[in-house]
Amino acid sequence: MKIAQRVKSPTPIFFKKIRNIGLALAAASATILAAPVALPALVIKIAGYLAVAGTIAGGLSQTAVKGE
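For the sequence shown, the numbering used here begins at 1 and goes up steadily by one.
Hints in this document: simulated from the structure, not taken from any laboratory. It is possible that some hints are incorrect.
Straight-line C-alpha distance at most 27 Å; calculated DSS-like pairs for lysine-lysine [said to hold, decoys possible]:
#: 1; residue 1: K45; residue 2: K17
#: 2; residue 1: K66; residue 2: K16
#: 3; residue 1: K8; residue 2: K66
#: 4; residue 1: K16; residue 2: K2
#: 5; residue 1: K66; residue 2: K2
#: 6; residue 1: K17; residue 2: K66
#: 7; residue 1: K17; residue 2: K2
Remember, predicted model here, so these are calculated numbers, not experimental data.
Kindly generate the complete structure, drawing on both the sequences and the hints.
Below, the structure is given as C-alpha cells:
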C-alpha cells in the first residue's frame with residue numbers, strides 16, 4: 001500500500017486519539033515558542049521537544065489503517 005493510500009484510508013479510533021493529542025502538543029508548543037515575552041531557555045527547549053514529539057505522533061498515527 002502506498003503512502004497516499006494509507007493516509008486516505010480509515011484510521012482506527014485509538015490512532016485518531018493519538019493524532020489529536022499530537023496536534024494539541026504541537027499547537028501548544030508553537031504558542032509557547034511564538035510568545036512575545038522572554039521565557040527561560042528551559043521552557044523554550046521543552047517546547048521544541050514537544051513540537052517534535054507532537055508532529056511525529058500526528059504523522060505516524062495518520063498512516064495507521066484499519067485491518068480487515
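Verification of the hints:
no.	hint	verdict
1	K45 x K17	25 Å, holds
2	K66 x K16	11 Å, holds
3	K8 x K66	11 Å, holds
4	K16 x K2	20 Å, holds
5	K66 x K2	15 Å, holds
6	K17 x K66	14 Å, holds
7	K17 x K2	23 Å, holds
In summary, the structure agrees with every hint in the numbered list given earlier.
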